[in-house]
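So the protein sequences, as listed, match chains V and U. For what it's worth, the numbering used here labels the leading residue of the first sequence as 1, then goes sequentially. For what it's worth, the numbering used here labels the leading residue of the second sequence as 1, then goes sequentially.
Where hints are given, some of them may not hold.
With a Cα cut of at most 27 Å, we get these calculated BS3-like pairs of lysine-lysine [claimed, not checked]: (1) LYS44/V / LYS58/U; (2) LYS42/U / LYS105/V; (3) LYS43/U / LYS44/V; (4) LYS92/U / LYS105/V; (5) LYS172/U / LYS214/U; (6) LYS163/U / LYS173/V; (7) LYS105/V / LYS58/U; (8) LYS32/U / LYS44/V; (9) LYS92/U / LYS32/U; (10) LYS43/U / LYS91/U.
Hints in this document: simulated from the structure, not taken from any laboratory.
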Amino acid sequence: MKEKESLFSPRNLKSLTGPLSAGNPVIVLVLGICPTLAVTSQMKPAIVMSLSVMAVLSIGNVIISLLRNTIPPRIRIIVQLTVIAALVILVDQVLKAYVFEVSQKLSVFVGLIITNCIIMGRLEAFAMANKPWPSFLDGIGNSLGFGFILIILSFFRELLGAGTVYGYPVFEKIGLYSTGYVDNGLMSKAPMALILVGILIWIHRSFNKDLIESK
Amino acid sequence: MKTYSNLYIFTYSSVLVIIIATLLSFTAFKLKPLQEKNIEIKKERDILSSIGVVSTAKNADDLFKTHVIRNIVINSKGVEIDGDAFNISHKKELEKPVDERLYPLFECQFDGQKIFITPVWGIGMWGPIWGYIALEDDFNTIYGVSFASEAETPGLGAEIDTKSFQAPFKGKKIFDESGKFVSVSIIKGGAPPGDIHGVDAISGGTITSLALQKTIFGCLDSYVTYFKNHDK
Numbered sequence: 001m002k003e004k005e006s007l008f009s010p011r012n013l014k015s016l017t018g019p020l021s022a023g024n025p026v027i028v029l030v031l032g033i034c035p036t037l038a039v040t041s042q043m044k045p046a047i048v049m050s051l052s053v054m055a056v057l058s059i060g061n062v063i064i065s066l067l068r069n070t071i072p073p074r075i076r077i078i079v080q081l082t083v084i085a086a087l088v089i090l091v092d093q094v095l096k097a098y099v100f101e102v103s104q105k106l107s108v109f110v111g112l113i114i115t116n117c118i119i120m121g122r123l124e125a126f127a128m129a130n131k132p133w134p135s136f137l138d139g140i141g142n143s144l145g146f147g148f149i150l151i152i153l154s155f156f157r158e159l160l161g162a163g164t165v166y167g168y169p170v171f172e173k174i175g176l177y178s179t180g181y182v183d184n185g186l187m188s189k190a191p192m193a194l195i196l197v198g199i200l201i202w203i204h205r206s207f208n209k210d211l212i213e214s215k
Numbered sequence: 001m002k003t004y005s006n007l008y009i010f011t012y013s014s015v016l017v018i019i020i021a022t023l024l025s026f027t028a029f030k031l032k033p034l035q036e037k038n039i040e041i042k043k044e045r046d047i048l049s050s051i052g053v054v055s056t057a058k059n060a061d062d063l064f065k066t067h068v069i070r071n072i073v074i075n076s077k078g079v080e081i082d083g084d085a086f087n088i089s090h091k092k093e094l095e096k097p098v099d100e101r102l103y104p105l106f107e108c109q110f111d112g113q114k115i116f117i118t119p120v121w122g123i124g125m126w127g128p129i130w131g132y133i134a135l136e137d138d139f140n141t142i143y144g145v146s147f148a149s150e151a152e153t154p155g156l157g158a159e160i161d162t163k164s165f166q167a168p169f170k171g172k173k174i175f176d177e178s179g180k181f182v183s184v185s186i187i188k189g190g191a192p193p194g195d196i197h198g199v200d201a202i203s204g205g206t207i208t209s210l211a212l213q214k215t216i217f218g219c220l221d222s223y224v225t226y227f228k229n230h231d232k
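All chains, full assembly: derive it from the sequences and hints.
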């Protein structure tokens with residue numbers, strides 16, 4: 001009989017930490033770009049978006065993993081989508097009830113979590129073939145990898161675009177405006193997010209040479 | 001690979017959908033009161049913002065009760081009738097025939113004077129635009145405004161919700177010297193100095209600006225009879 005694998009075995013830990021760097025969904029796999037561009041102009045919506053994705057992805061992974069041996073392969077994508085859609089609607093309802101202002105800022109993007117490629121990708125590639133616990137860790141790991149990038153982007157976009165960090169007026173407090181400094185409005189527009197993602201990919205690859213494709 | 005019969009697939013998907021539908025309807029039903037309360041608070045905050053009162057989600061209810069002393073419902077003849085002004089939906093009223101429409105008006109006691117707030121609702125460039133216009137008790141001078149939009153272009157049309165666009169409305173008149181209703185003009189290229197009926201349009205947001213001008217005219221026009229009857 002196979003020996004029982006410990007909860008935090010190296011293989012399980014790898015599902016958790018892998019997506020943070022070498023398997024990062026945004027800057028390595030380049031998935032989930034739509035929300036990355038859309039909700040990173042301020043930190044608060046970016047953090048709520050990351051938490052929402054974490055809830056949907058980790059629970060979705062566990063549910064699909066539990067059902068994996070019963071799901072008929074012919075309708076597996078439909079089953080995955082149904083589970084994701086249900087979870088997303090739940091998250092949307094909860095946000096509307098408890099953090100109304102944030103849910104208004106995120107507007108349609110909560111609903112669009114359904115189309116976030118990271119979630120479909122993990123359900124299909126990982127949860128369909130693994131047990132619930134590793135699937136849960138994989139879900140948490142991937143959403144951390146996603147959220148981590150979202151937070152870095154939103155920090156720079158909010159700071160340089162509006163002069164604030166999580167709504168706190170940093171530049172105003174240190175008196176930068178009196179020296180004639182003006183906020184860069186381009187930072188709060190979507191194209192700048194794409195440029196910043198590009199810069200992040202560049203920095204990340206210069207530290208991880210093995211990710212660079214051979215010509 | 002394991003094969004599944006059609007019956008299995010059919011049963012599987014039906015059961016899955018039924019479970020999920022039950023769960024979702026239950027949650028929606030349970031959270032509805034909280035969500036409706038949030039929408040109500042948002043409306044109270046929008047109304048308060050037209051008279052320059054800054055509120056938070058927590059104190060909006062109390063501030064609204066302090067400042068708004070009377071909710072008035074006006075029929076199409078300009079006569080006050082009984083009704084719940086707060087819950088009148090402008091969109092629904094527009095679907096009714098003109099002489100059955102009801103118009104809400106909120107009477108406030110603020111800054112040592114009586115102020116009357118009318119809602120406005122219309123179609124912008126990409127979606128609905130709405131707002132509130134606060135008038136002094138001569139029913140002519142604008143005390144303040146607040147506007148918002150659902151889908152106007154960020155940085156252009158959506159700028160109607162900014163203070164810099166809204167502030168110049170204060171002090172403008174909606175009737176000319178002969179007492180004719182002229183509303184407020186939103187002028188592309190900037191209103192001439194001293195124009196008591198005009199404010200600056202948003203550069204790059206001309207279509208939204210014009211839509212807003214039309215919205216304000218159309219909505220205030222419905223109140224003109226009432227304003228003239230109650231003007232001191």
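Problem - Numbers of the earlier hints that this structure fails to satisfy, in rising order - result: none
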